Amino acid sequence: MVLALESKLLAFSLPGTDGNTYSPDQYRQARALGVVFTCNHCPYAKAWEDRLIQLQRDFAKSGVQLLLISSNDPAKIPDDSFENMKRRSKEKAYPFPYLFDESQEVARAYGATRTPEIFLFDADHVLRYHGAPDDNFEDPAAVTQHYARDAIEALIAGRRPEPTDIKPVGCTIKWK
Amino acid sequence: MKIEFLYWEECPSHTETLARLREVLKESELDPPVERIHVETDDQAVSLKFPGSPTIRIDGADLFPVPDEMVGLTCRVYYTPEGGVTPLPTKDMIRSALTAHRIKITKGG
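Keeping their order, the protein sequence lines are chains C and F. Note that the first sequence covers residues 962 to 1137 in the working numbering. Note that the second sequence covers residues 116 to 224 in the working numbering.
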């Protein structure tokens, strides 16, 4: 079952593609913290990738941090191996950590099912938005509802995001 | 002409892709039947050489052939002429691919 809105952030510690280990506790000062389940191979994840990068760049100075996690089983999808995650994060110069959830325990704990799927927490690490980045994976220019961007702006302004839950659209997480 | 539409239910782009394919075929005034093939298992994906959902085949040939494509139950990656990545081909991509398969397609408004 997916993590319910207004739940507290679930702690984890995962290896990143840059050789460091990351935990949400490192971002106690963040005004908004996004845990984003994604991966290399999925066309939806690829289609939204540049928009997530832009989100991080646009809001980094406002104290917003995204943590991207791939939980896919590389035995099923070789493109999602840790080595290929390292390659992808370098190629795209990711401005956020890209973490490997090899055991898939983090994805299961959050109840994530799709890539991409966003869990956005406020400064107190309370879940305030869950779901899709926006309403058009095909064409960034045709987006009419910037769900994640609007939710981040709301949190920075001290408001509750609205809407709070938009069904994620994407590939299924590839379980072992 | 035999047209097959292979899809995996868990990948959400198949409904829209089938609608686009049917629209483009209708424009051609050929409007041949499209056989829908629901790929449900890994074994089925392997036996059908299914490179991901959705996949369109004309007389057995992939409408968007990619060499060494992996097979399995996953969403398929398509590349737009502009270099973008998308889970489903646009109508223009389908028209162009059909034309490349020597099928006369009348471009619709």
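To be clear, the hints were calculated from the coordinates, so they are not data collected in a lab. Check before you lean on any hint, since a few could be wrong.
Claimed, not checked - Okay, the calculated bits of chain F under chain C, using three or more residues with CB under 8 Å as the criterion:
no.: 1; stretch: 146 to 153
no.: 2; stretch: 158 to 165
no.: 3; stretch: 182 to 191
What the hints assert, rightly or not - Now the in silico label distances, taken between C-beta atoms and shown as ranges:
no.: 4; chain 1: C; residue 1: Asp1096; chain 2: F; residue 2: Val186; range: 55 to 61 Å
no.: 5; chain 1: C; residue 1: Val1087; chain 2: F; residue 2: Ala215; range: 51 to 57 Å
no.: 6; chain 1: F; residue 1: Val149; chain 2: C; residue 2: Pro1124; range: 32 to 38 Å
no.: 7; chain 1: F; residue 1: Ala215; chain 2: C; residue 2: Glu1044; range: 45 to 51 Å
no.: 8; chain 1: F; residue 1: Ser162; chain 2: C; residue 2: Ala965; range: 39 to 45 Å
Because the structure is a prediction, the values reported are computed rather than measured. Note that CB positions come from ideal geometry on N, CA and C, so glycine has one too.
Take a look at whether the Cβ-Cβ distance between Ser162 (chain F) and Ala965 (chain C) falls inside 39 to 45 Å. Between Ser162 (chain F) and Ala965 (chain C), where Cβ atoms are some 41 Å apart, the hint holds.
Beta-carbon spacing of Asp1096 (chain C) to Val186 (chain F) - inside the hinted bounds 55 to 61 Å or not: At 32 Å between Cβs, range violated.
Coverage of the stretch 182 to 191 of chain F by chain C (three or more Cβ within 8 Å): holds (count 5)
Check whether three or more residues of the stretch 158 to 165 of chain F sit with their beta carbon closer than 8 Å to a beta carbon of chain C. That given contact is violated, which follows from only 0 residues of the stretch 158 to 165 of chain F lying within Cβ reach (below 8 Å) of chain C.
Has the hinted range 32 to 38 Å been met by the Cβ atoms of Val149 (chain F) and Pro1124 (chain C)? holds (36 Å)
Go ahead and decide if the range 51 to 57 Å is satisfied by the Cβ distance of Val1087 (chain C) to Ala215 (chain F). Roughly 53 Å apart at Cβ, these two residues keep to the hinted range, so it holds.
When you take the CB atoms of Ala215 (chain F) and Glu1044 (chain C), is the distance between them in 45 to 51 Å? For Glu1044 (chain C) against Ala215 (chain F), whose Cβ atoms are near 35 Å apart, the range 45 to 51 Å is violated.
When I compare C-beta atoms, does the stretch 146 to 153 of chain F have three or more residues closer than 8 Å to chain C? Since 0 is below three, the answer is violated.
Hints 1, 2, 4, 7 from the list above are not met by this structure, while the remaining hints are.
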